[in-house]
Amino acid sequence: MTDALSRLRYRCQLRQDADERREETHPLTWRLHDDGTPVFLKEYEDKDGYAAVRHTLNEQTGAQVIDAMKTANVRGRGGAGFSAGVKWSLTLQGDGMPRGYIVCNADEMEPGTFKDRLLMEQTPHLLIEGMILAAYANNARYGYIFLRGEYIEAANHITRALKEARDAGWLGADIAGSGFDFDIALHTGAGRYICGEETALINSLEGQRANPRAKPPFPGQSGAWGKPTVVNNVETLCNVPAVLRHGAEWYQGLSGQLSNDGGTKLYGVSGRAKRTGLWELPIGTSGTELLDRAGGIRDGEQLKAWLPGGGSTGFLLPEHLELPLDFDSIGKAGSRMGTGLLTVVTDQQSIVSLMRNLEAFFARESCGWCTPCRDGLPWTVKILQALERGEGEQGDIEMLDKLATDLGPGRTFCAHAPGAAMPLSSALQYFRDEFERGVRHETGPAHADPIPVGEV
Amino acid sequence: METAQTIASDGFVIEAADREAILHERDHYEQPQAACIEALKIVQRRHGWVPDGAIAVIADLLGISPASVEGVATFYSLIFRQPVGRHVILVCDSSSCFLTDYEALRDAFTDKLGIGFGQTTSDGRFTLLPVCCLGACDRGPAVMIDDDTFGPVHPDDLDTLLEGYA
Ligand SMILES: Cc1cc2nc3c(=O)[nH]c(=O)nc-3n(C[C@H](O)[C@H](O)[C@H](O)COP(=O)(O)O)c2cc1C
Ligand code: SF4
Ligand code: FES
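Quick mapping for you: the protein sequence lines, in order, are chains A and B.
Start counting the first sequence at 1; every next residue gets the next number (our numbering).
Start counting the second sequence at 1001; every next residue gets the next number (our numbering).
Treat the hints loosely; a few may be bogus.
Said to hold, decoys possible - Quick list of in silico lysine to aspartate or glutamate cross-link-like pairs, DMTMM-like style, CA-CA up to 20 Å:
id: 1; chain 1: A; residue 1: Lys274; chain 2: B; residue 2: Asp1101
id: 2; chain 1: A; residue 1: Lys227; chain 2: B; residue 2: Glu1030
id: 3; chain 1: A; residue 1: Lys227; chain 2: B; residue 2: Glu1103
id: 4; chain 1: A; residue 1: Lys382; chain 2: B; residue 2: Glu1103
Hints listed in this document are in silico derivations from the structure and should not be mistaken for laboratory results.
Please read these numbers as outputs of a predicted model, since none were measured by experiment.
If we strip away everything but chain A, and leave its shape as in the complex, we get:
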């Protein structure tokens, strides 16, 4: 690769210097290097790596691990914010139940999300250590890292780390002399956003089309090949070693008075900010502080709106930046924290066009299994395209309102369609005038009265 080409290469960026990142405050990133070179086994072990595995597997029961995770209140970092400890307490185990799987969801494709990439590229052993501890708590026999196919560097680093861990006895039979055995394989995907939905992911792992499955049964009851399966996000699993090394109270204390959620969060900023990138901060840090760290908005532009955690979260306004970025606070404001990586939108961006882009994404990525999602999303895109061109009809906006409702929670097989509805309904709420400006025509054939059926 030439120098000129190499300068264009993407490198993920943690925007915090080593002197800010300490073991006591930055459980996810304190081992990382400022220049982004990965931390492999020797260095990881020198920096207290696998200490939690050695200690926990020899001195604690799986039930104690689950209790610690509950007390620490580690909420799922894949977007839904479900307590990992509670999820693990529901996994079927014991009494003749076969030992199942720990599956790491490393399918990261949510628009605006680039955090799991950093952890996997630069600290793959942290993820492996987290998975071993999760396996111990859930009595899993085998682990899979379901990695999106495009993350080539992450795949290389994980492959090397898995071999190192196996050679050093951290994976395989009788880990750290505890009698517990567990191993991990890397599974790389072949595209499609829907693979990140946990039951679609399990189908994909089984070599099927990635259509979601009905719940219940939940994966913890019957998942991959019918066995109990725990699916957790990369960042969730990377939090586990520190919880068990330093204790649940310590972990809870990291977020102090900021939030009831425990620990830190790998936050990020993309879009129209000056210094986009990633930061590990106490969970509950405000949007204002995060945006400050990102150097504010690009020169000459004004903040108009932001998405708190990916394309499937609802828009918020500048005034909402004061809120703590945690699951409950952002939820109360009518959105979702999602992945916690902010997408910044300024006054130079038409919301109607941005919505058209988002809905085109969701329409393309629909797995096609259920009607509201498969047919409703392309319809939404058509209306948005018409409004964007200034060729909307009377009734279009009301139709978008209805579509946003019909795509909402509880009406589809999985959360893909509700994820598409959330930015739409919030955009219609906050920026209705922009949609109205696209309406030029009288009601046309698209909104004709329904044709009566049966006897007239």
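Using the hints, position chain B with the ligands against chain A.
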């Protein structure tokens, strides 16, 4: 299963090494079906795409129906069921890149290469495709060519970028 027909109607012949690799993958999982995606990727790594005949061969090696292999092959966006160029360009069209001028970059690609999404240049050098968020949103707009990710990429950078891929 070792009686696998290795020559299909379109003359597709599976390389011995690929056959071994697929059988190895098959034994990696609880059920042979699970190796289906990896098997398609093994064939694609060799040929650039998945020819029709490969579907039957993979089905035979895994002991599953050709329909189920085809169903999987057509579901996933990074499995190609048509020939592609020597290099595949994936342009991220998701929201953060959209906010950082993805559309100008897309237009620059289509102008420069003279093709639209889903098409291949007549010299067989490049295929252009859109892709979901590449997880490089802090440096959008982002592009992937073969195994390399780039960002931010501006329209002025295209010559430098494309020169790297003969
Ligand atoms: C359409 C869709 C896509 C998703 N994509 C991802 C993903 O890429 N990564 C992820 O961790 N979770 C994703 N999720 C959430 C998962 O279904 C699941 O909640 C998560 O992996 C659970 O892990 P956690 O509790 O550790 O967050 C997605 C959900 C939906 C509905
Ligand atoms: S909501 Fe959409 S993505 Fe989810 S199952 Fe239905 S069609 Fe598939
Ligand atoms: S939106 Fe383009 S890389 Fe994420």
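Here is how each hint holds up against the structure:
Taking the CA atoms of Lys274 of chain A and Asp1101 of chain B, the gap is about 15 Å. The hint holds against a cut of 20 Å. Annotation: proposed proximity of Lys227 of chain A to Glu1030 of chain B holds, straight-line Cα distance about 11 Å (limit 20 Å). A distance of roughly 45 Å separates the Cα atoms of Lys227 of chain A and Glu1103 of chain B; the hinted pair therefore is violated under the 20 Å criterion. Between Lys382 of chain A and Glu1103 of chain B the CA atoms are separated by roughly 18 Å; this keeps the pair inside 20 Å, and the hint holds.
Hint check: a violation occurs at hint 3 only; the rest are consistent with the structure.
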